[in-house]
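*Asks:* Protein chains in written order, with UniProt numbering: chain E, 1 to 90; chain F, 1 to 90; chain S, 1 to 90; chain V, 1 to 90; chain L, 1 to 90.
Just so you know, these hints were derived from the structure itself, not from any lab.
No experiment lies behind these values; they were computed from the predicted model shown.
Careful, some of the hints might be misleading.
[What the hints assert, rightly or not] Derived BS3-like pairs: lysine-lysine, alpha-carbon spacing no greater than 25 Å straight-line:
{"#": "1", "chain 1": "L", "residue 1": "Lys70", "chain 2": "S", "residue 2": "Lys70"}
{"#": "2", "chain 1": "S", "residue 1": "Lys47", "chain 2": "F", "residue 2": "Lys70"}
{"#": "3", "chain 1": "L", "residue 1": "Lys70", "chain 2": "L", "residue 2": "Lys47"}
{"#": "4", "chain 1": "F", "residue 1": "Lys77", "chain 2": "S", "residue 2": "Lys77"}
{"#": "5", "chain 1": "F", "residue 1": "Lys70", "chain 2": "E", "residue 2": "Lys77"}
{"#": "6", "chain 1": "S", "residue 1": "Lys77", "chain 2": "F", "residue 2": "Lys47"}
{"#": "7", "chain 1": "L", "residue 1": "Lys47", "chain 2": "V", "residue 2": "Lys70"}
{"#": "8", "chain 1": "F", "residue 1": "Lys47", "chain 2": "E", "residue 2": "Lys77"}
{"#": "9", "chain 1": "S", "residue 1": "Lys47", "chain 2": "S", "residue 2": "Lys70"}
{"#": "10", "chain 1": "L", "residue 1": "Lys77", "chain 2": "S", "residue 2": "Lys47"}
{"#": "11", "chain 1": "S", "residue 1": "Lys47", "chain 2": "L", "residue 2": "Lys70"}
{"#": "12", "chain 1": "L", "residue 1": "Lys70", "chain 2": "V", "residue 2": "Lys77"}
{"#": "13", "chain 1": "E", "residue 1": "Lys77", "chain 2": "V", "residue 2": "Lys70"}
{"#": "14", "chain 1": "E", "residue 1": "Lys70", "chain 2": "V", "residue 2": "Lys47"}
{"#": "15", "chain 1": "V", "residue 1": "Lys70", "chain 2": "E", "residue 2": "Lys70"}
{"#": "16", "chain 1": "E", "residue 1": "Lys47", "chain 2": "V", "residue 2": "Lys70"}
This is what each chain is made of:
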Amino acid sequence: PCASTNGKKETNQNLLQWTVADVASYFSAAGFPEQAVAFRTQEIDGKSLLLMQRSDVLTGLSIRLGPALKIYERHVKVLQRTHFLECDDI
Amino acid sequence: PCASTNGKKETNQNLLQWTVADVASYFSAAGFPEQAVAFRTQEIDGKSLLLMQRSDVLTGLSIRLGPALKIYERHVKVLQRTHFLECDDI
Amino acid sequence: PCASTNGKKETNQNLLQWTVADVASYFSAAGFPEQAVAFRTQEIDGKSLLLMQRSDVLTGLSIRLGPALKIYERHVKVLQRTHFLECDDI
Amino acid sequence: PCASTNGKKETNQNLLQWTVADVASYFSAAGFPEQAVAFRTQEIDGKSLLLMQRSDVLTGLSIRLGPALKIYERHVKVLQRTHFLECDDI
Amino acid sequence: PCASTNGKKETNQNLLQWTVADVASYFSAAGFPEQAVAFRTQEIDGKSLLLMQRSDVLTGLSIRLGPALKIYERHVKVLQRTHFLECDDI
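Same shape as in the complex, but just chain E:
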C-alpha cells in the first residue's frame, strides 16, 4: 500500500484509485483543460497513467506537441515517480 495512506486517507496521492474522471480533472486543474478531454477520450485512468511512456503522451493522445511535452515532463513523469517512491502496490 501507499506509505501516504497510513493513518490519513489521501486518495489524491494513490494513482491506482483515480478514475478516468479524476485524471481529466487533474489535468484540467493543472492548466490543460483542452488536453484533459483527450485523456478522457482515450479512457486513461490512474492505472493507465502509471503505464504511460513519453511517446504515448506525445503521439497517442493527438494533442499539440508543446503542451504534450510539458504534460509528460512535469506531470506524468512526476506522478509516476512519486507513486513508485511512496507505494509498493504495483
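Since the structure of chain E is provided, determine the placement of chains F, S, V and L on it from the hints.
*Replies:* Only chains F, S, V and L this time, still in chain E's reference frame:
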C-alpha cells in the same frame, strides 16, 4: 510441449493452439469486448499474440490508449511470460 | 557467392537474385496470398527483403498485424538468417 | 539561474522565458518562416523547445523533412546545449 | 574542408554544396527517378542528406518500401560514410 499438458490437457494454457476466435473470446471475457473486435480484425491468433510487443498493442490495433496500456501490461505480457515459463515449444 | 551455388544452381536460395515476382510468389505459396500483393505493391525484391527489419514488415506494408507478425518471425527473419549463413556476397 | 543573466539581462539567451511568439520569431529570423508557423500551431514555447527530441521535430511538427533536419541539428540541439551549459535552472 | 577539394574542385564529392536539384539529379541518375521527386518535394539538399537516418528515408519521404530500403543502404549511407571519411567540415 507445455509442462501443463502433462496428464491433463489444458488447451487454455497453450497459446500456440488458440485460434483467432479464442483470442477474441479471451479479451472479451477479460473485460475488453470492444478491443476484442480489434484483435479479431487484425487476425491475431495465439501464435501472433506470443509475438506482440508493446508498440504493436498500442498502435497496431487502433484501440484507445487507456485500455491498450492495460491489455498489454496485464494480459499480453502475462500470457507470454506464463507461456515461455511453462512451454518449450517455441 | 552463396555456398549453395557451388556446383548446383539453386536460385531459390540466393535471395539476391529474387525478383519482385519471386518474392510475391514465395509469400503466396507460404500461405499469405493477400499479403503477397503488398510485397509486390511496395516493390520488394530479394535485395530489399534482406534489408527489412521488424517494423518495416509490421507498419511499412499496411497488412494486418496477425499475419505480419508471422511473416516477419517465420519467413523474413529465417530467409535473412539462412542467406547470411550461406552467402558472403553482401 | 543562467550565468548570462548575471549583471546584464539577456532574455534572448534564457529559453525558459521565451513565449510561443518568441520561438516563432526565432525560427522565422533563422530562415524558416514557413516552419515557424508550425512551431506556433503546436504551441511550442521556450520550455517545450528545451524538451524536444529529434523525432519530435521531424514528425511532430508536420514540416518537410529537409528543413526539419536542419532545424533540429543546427538550432534546437544548439539552443538546448547552450542553455544547459549556461543555466542550472532546470 | 574535404580532402578531395585539395587542388581539384570536385563539387560532386562535397555533399555540403549539393543543392536540392543536385540531390534529385543524383537519385534520378542512380535509377530512382520516381523517388527523386520525393527528395525534391521534401527539400532535401546535401546538408539535409548528411543528417538523414534510416527511418527518415523509410517513412519521411512517403516512397515505396522496396526502393526506400535500397536508397538508404546503397546510397544515403554510402554518401554519408564517404563524406565523413574525406571531409572534416561538419
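*Asks:* Go through the numbered hints given earlier and state which of them the structure violates, listing their numbers in rising order.
*Replies:* The structure conflicts with hints 2, 8, 12, 13, 16, although it agrees with all the remaining ones.
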